[in-house]
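Since the structure of chain L is provided, determine the placement of chains W, R and U on it from the hints.
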Amino acid sequence: MYDYLWLIPFFPFVGFVINGLFGKKIRNEAIIGGIGTLMIFLSFLVSCGNFYALLHDSEKVHQQVIASWMSVGNLQIDWGFLLDPLSALMIMIVTGVGTLIHLYSIGYMHGETGFYRFFAYLNLSCFSMLMLVLGNNALVMFVGWEGVGLCSYLLIGYYFEKQSAGDAAKKAFVVNRIGDFGFLCGLLTLFWALGSKGVWTINFVEIAENAHLLESGGVVVTVITLAFFLGACGKSAQIPLFTWLPDAMEGPTPVSALIHAATMVTAGVYMIARMNGLFAMSPDTMMTIAVVGACTALFAATIGLAQNDIKRVLAYSTVSQLGFMFLAMGVGAFTAGIFHLMTHAFFKACLFLGSGSVIHGMHHGYHHAHLHDDPQDMRNMGGLRKKMPITFITFLVSTIAISGIPFFSGFFSKDEILWWAFAGERGHWLLWLAGAVAALMTAFYMFRLVFMTFFGEQKTDARAKDHIPESGLTITIPLMVLAALAAAGGFLGVPHVLGNFFGHMPNYLEHFLAPVFEHAQVLNGIAVKPELAHSVALEFSMMGASIGIAAFGILGAWFMYIKTPTLPGKFVASFPGLWKAVYNKWYIDELYDAVFVNNCKRIGTFLWKGFDVRVVDGIVNGTAWVVKGIGSGLRYTQTGFLHNYAMGMVVGVVVIVGYYILGK
Amino acid sequence: MIGVYHYLILSAIIFSIGTFGVLTRKNAIVIFMCIELMLNSVNLTFIALSRHLQNMDGQIFVFFVMTVAAAEAAVGLALMIAFYRNRESIDTDDFNMLKW
Amino acid sequence: METLGQIAMQNVNMAAIMPSMVLCCFGMLLLLVSVFSKRGRTAHVAWLSIVALVITAIVTISGWNNPQEGFAGSVVLDNFAIFFSMIFIIAAALTILISDAYLQREGYPVGEYYPLILFCTAGAMWMASGTDLMTIFLGLEVLSVSLYVLAGFFRGDTRSNEAGLKYFFLGAFSTGFLLYGVALLYGVSGSTKIAVIAQHVSQMPAVIDNPMLIAGAVLLLIGFLFKIGAAPFHMWAPDVYQGAPTPITAFMSAGPKAAAFAALLRVAIIGLSSIQADISALFWVLAVLTMIVGNFIALSQTNIKRMLAYSSIAHAGYALVGIVAWNQIGLSAILFYMLVYTFMNIGAFAVLVLAGKKGEENLTLEGFAGFGFKRPFLGVAMCIFLFALMGLPPTAGFTGKFFVFAGALKAGYVWLAIIGVLNSAVSLYYYLRVIVYMYFRDPQEDFAWVKLEIPAVVSIVLALAGVLYLGIFPGPVMELAKMAGF
Amino acid sequence: MADYLLSLITFFPLLGMLILLFIPRDNPGLLKSFTLGVTLLTFLISLPLAFDDIFASSGAMQYREFHEWISIGSFFKMNYNIGIDGISLWLVMLTTFIMPIATLSTWNSVDKNVKGFMALLLLLETAMLGAFVSLDLFLFYIFWELMLIPMYFMIGIWGGKNRIYAAVKFFIFTAVGSLLMLVAIIYIYYYAVTSGAPVEGFGIQEFYQLGIPSDAQHWLFLAFALSFAIKVPMFPVHTWLPDAHTEAPTAGSVILAAILLKMGTYGYVRFAIPLFPEAMQTYLPFLAFLAVFGIIYGSLVAMMQEDVKKLVAYSSVAHLGFVMLGVFALNLQGMAGGLIQMVNHGISTGALFLIVGFIYERRHTRLISEFGGLAHKMPIFATIFLIITFSSIGLPGTNGFVGEFLALVGAFESGLRWYAVVATTGVILAAVYMLWMFQRVMFGKITNPENEKLKDLSIREIVLMVPLLIFVFWIGIYPNTFLSKMNPAIEQLLIHVKSKQVAVVVPVQPVIAQNLVLK
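Residue numbers (my numbering), protein chains in the order written: chain L, 1 to 664; chain W, 665 to 764; chain R, 765 to 1250; chain U, 1251 to 1769.
There could be a bad hint or two in this list.
Simulated pairs of lysine to aspartate or glutamate, DMTMM-like, Cα-Cα distance not exceeding 20 Å [said to hold, decoys possible]:
#1 L/Lys628 <-> L/Asp617
#2 U/Lys1365 <-> R/Asp1206
#3 U/Lys1703 <-> L/Glu161
The set of hints was computed from the structure by calculation and includes no laboratory data.
One chain only, chain L, in its complex shape:
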């Protein structure tokens, strides 16, 4: 089965090529969408086969080398794939969620002029993501890494005639590139650092095997991992590089679901997990990751509180949830991080798709009424639960999951992260506190979203009101599947304490991923603090706290948006400055513009008009000018008068003869 590993990325690539080259000719949406979906589905099937095979295989690491890519001296890089539990899980998520989103898109993108283009890009992004996940060395991963960046660019800029879409696409790519800079630096330093120890490699398996050659906790490892982490920050929208992700909502909603929630943005987390052996060696980096993750979780959540655009709320929520994953990585809870990555993929994809369904409906309504109101503004919604029951239910399930209500998937994953943040060797109660507050806000703004959208009075313009239909089957089926996963997915990773209640249900995920993480964790002493490890009471009380927080957040949202809907207005009135800051995303974009973008432009303009044109060309042209000036000056020695010429000669004679007679 492992021999067919290459088929997994290959199928979407074929889809990309077919739709990209011939899509315009095919025209038929069913065929185009069908090909796109089929290809990713085939890929899903192969993934299932491989996953299954791996599950029952005692050998957990399999590599497949397709061809040599670059071969220069001691730099030998292959086009190779790596299947281990981590990548197996990831390909399942990518292809699985990917298939659903492809299916969803057939309905959602119906009637778009660039339908074929969309599917081609979507396939390409799946291809890239699979390359990223499956690559057996850092450079193949980088291909996927940049590939998803490219697809993100293309898909955000899908509505390229919109200025904001173009801007957002460019911003996404450029900010990602800043991350890529880190990735490349890390990669190069790693290659050199290992090379100087005699192992010239960037193969993940070999890196893991030889990581011990580097000094644990030393500068080199810290630099490498920090550089990689910068890359992860860019891709996974962490502070300080998170600004692109909210803007990325300019893309069509399935895109937001697929790459800006389920797959691409989790690449950073995946990359850290992939190189956990290396990261674990540097406590400083781990601490940095944890702090950055916690801060991002908290910070993005605050912004999420005040947004009115349905997708923006979800976008900040994504940033926040990614922060949780990084927090997990930082405290060494790799399994928990990946677990949250998975559950997040389910519920956030579902949420995005649900919001897409809502927008689709709203758009339909407005279109019908020939209105140009914003179909994404939650202030125009309300009471939609009756209009769109399936969307509502699936959305609600996912919201519950993300809020951390027990036995839904988000509860298990988030709770495990918080537990590690509190009780892990590398955890700290402050980290836990940040996470807990973020979780509180998450519950609050998510239910705020649900309440504003689905409950209360319908605030949509009267003319459009009655023309908001429930979406079709291609849209609702993926919603239902994802909602089911969001609800039940958590049982893959039930904590031991709880597992006992479910008939000694094991933590499947931890068990499955153990071959990947255990080694580094053991080696670097990453575990739950021993004095807390067996404190069942503590674990339960933490869990209780989590539940309490979630409940509090939900109640708060209920209180403010259902019970006394005037309250938010009062709140805004009493803290106008605070609200404005939050609403405007703490002015981070403006800050970046002022500090980096404008200064870069200023420097560029200066270098061009000030330096290039004035100084360099000034010297060049100045030299020419001086030479010419001397020439024109000398020219006037040539007066045309015989006497002057004779005089010139005489002076020449006198000087020369005088020099030789007197000077010697």
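Okay, now just chains W, R and U, sitting in the frame of chain L:
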């Protein structure tokens, strides 16, 4: 006793006078005469040296110089006449069409 | 005891002056022919002078590797003289080829023109083959007097008059210095023979302390430097070059300049080799000065003819670099360079001649706007000549400069070479500007172009052939130049 | 046949040019087709070189031809001494490959004096090929200077508004550098002759073996380095490039970017570094600094350009900074990266200039502000432009990445680590300026009514781009085709350079060094 050096110094003085004349006079004919003066001072040098060295080469040279000077005079005067025909002047300040 | 007659028989070796005698005879014959020719018809005189030059060339070449001394060692026809003589002959021939149509056009179809060129060439040959300062002086004067006439040949044209007069006065003036220098050297050594002077100078205990020698040597050299057009004795050159009839300018900048170099080389390298260090130093300064003056002033010229005059000064500067080097390569390089310069410069002037019309010759840059497209052949030819003047491969201008600077580098004059190449960089600008006008500008107005006269085209083609052949295969000719060295 | 293959390839275009002169000037179609035919044939003739496996196994010069050319007794010896190894192989191939494309690009853009243009194109091809295959410094110099002439005319006659300034600047700028190099060339020759080394003319392989004393090496190296730096062009002697590129006709820009600039980088690899290894060592930090500074500088300046072509021109400064950084790494990866990046730059930037040419032909303007929303009207164009843009940015999977990555790996492995880190920021800036430009040209609504009428690419234009696109991906995905054939030659070069450089260090404690070797 008048020795070779006296002749040499005299000729040097004459040469200088000629040179000075070339530099200061404006009339083409006068300039030409100054040049002749220079050539003749050279002739004087040659003859003095020839005498001093007991060697005929210098005197032969003088003949050549004189001949050449005559030829030059012919050509020079012809050129001056041509110029005079066009400009009605042989003032060297009028040689001013070609410059810079 | 030998009789006077025997002495004369032994010492007068006509073979040594055969080429120049042929030229002089033809010159006198042609004077007669032109007197008896119908007014306004000069073509046959031109062709006869070409014949004369061809015969002279054959006579000259036949003496290769067979040095003939004559007139008691006053004249020698050695390889050096032969090489230079060939340069003069080529210069004269190319000039004559472009002259006829030009003279007709300008309204001076006068037969004496050609004999004068022949006499001038003969004078140049004497300069190259003279081993006695007397012979050299005679050659110089024959050459000069002919040139005074030629420069002022257009009697009715004030510019031509002015050019002739300026040349005449300054030439005569410099002759004074030269003669004074000869006289002083004669006083030092008791002879005007270069070999004897060399012997005396080398035997002197403190050469450099003898002011008479130094003054004599310097004055003598200055006489030649004047003819070469080296700064600061260059001032006549632009005016004269500009005012003289264009073919004469072409000839003047090639033939007589080469002749002056020939004499200068013989006098300096054979006669004054014991004060080599001082002379090299002097020439170092003069070469640099000449290059700078020529190139820099040329930058601001708008008249192509005058610009080429300054460029000619600059090229004299490059050639002087070869003397500074004072080695075999430098010497041979000068010989080679003079030949190359003859081709490229006369070629460029030939194009100028053909580009003009009566009276107001078309010599300004503006007048050349769009020239390249109107006259493709002339345009391409001009480009090649200009690239050669710039010193770009694969033209002879490059190889010429290459050898000259190689000589300097071999002798260790790195800075001189660098200044030299930087000067050629400066020169790029004004040469390129001509091309800019020829090709990159649209024509301002329509000129009544003269038609392409076959002889002129032949001249241009020959020059082109020379420029390209010497550029791509400089080996054989450079080998000859090497053999022609001392 | 094989004995004279290189000469045939080199002079075939010249032969074509001579025949071209007899084609009547009033038949532009025939002139263009003929030129295209000649360049295509040249490409076909050169193909066997690319398929010759000898390059994969041997780093020595192949296809050698040696004839005495100029021999003047004890004065000089210059030989017609040509050959190629894995380093020059791909540059030769790049030249023969780009020329037909450049020719084809003139179809609609050159309409005056077609004959002249075509003749110059062919002359230029011979000159460029000659420079790449020359193994004799004198011969190289001839071709090197010869290149200036056709390019000067191309810019000056067929160029844009400010063409005269650009042409003259290009010419004088480049010539100044090469004239100093000429002095250095002659000096080396005399050093070789007087030191009694067994030299055959100006043959570089013999010159490699000279132990030129280090004080002489320094100024010789500087002369060479300046000359090549101007051609590359490296900061701060780059200012001729934006002018020349902007004013040149499309074909001229393509050739200038794709091939002519490579002369400079190639010059470093073939001449400056191996001839003066010790001096190289001294000036390495400085030159590497210039290279890296050029990356940042070129990118920042490119970012603010209002003219697409000028933007691409400044991006060249940045790209070639990567090439130079790779070359200066003086190790296998770096050099290979530098070399492959030369080819890449030829392909990507050449393609970008073609693209600019396409829109210039349609709109007769290159100002970014005049465009916008072109993606609507020209989807095929948009796709191709996008691919090339990302190739220029260095997206993995395209050619640009392979070159940049290898160059950076090389720089990291050598002592240039910090330079490499700074250089890596170039990948961010590249994205900034390219994408910003792409967005402003292609995205958004069509604001300028003139853009409404734009037609998408014609078949000819697509045919023009397809070969370039193929190589964009070929080099990106399977660069080993190229790498494997350049590695042996680079290895050999490096062994030479390192041996000379080590020679400086070893004599300090020769005994210990010997012991080390023995053990």
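Enumerated hints in conflict with the structure, sorted upward: Result: no hint breaks.
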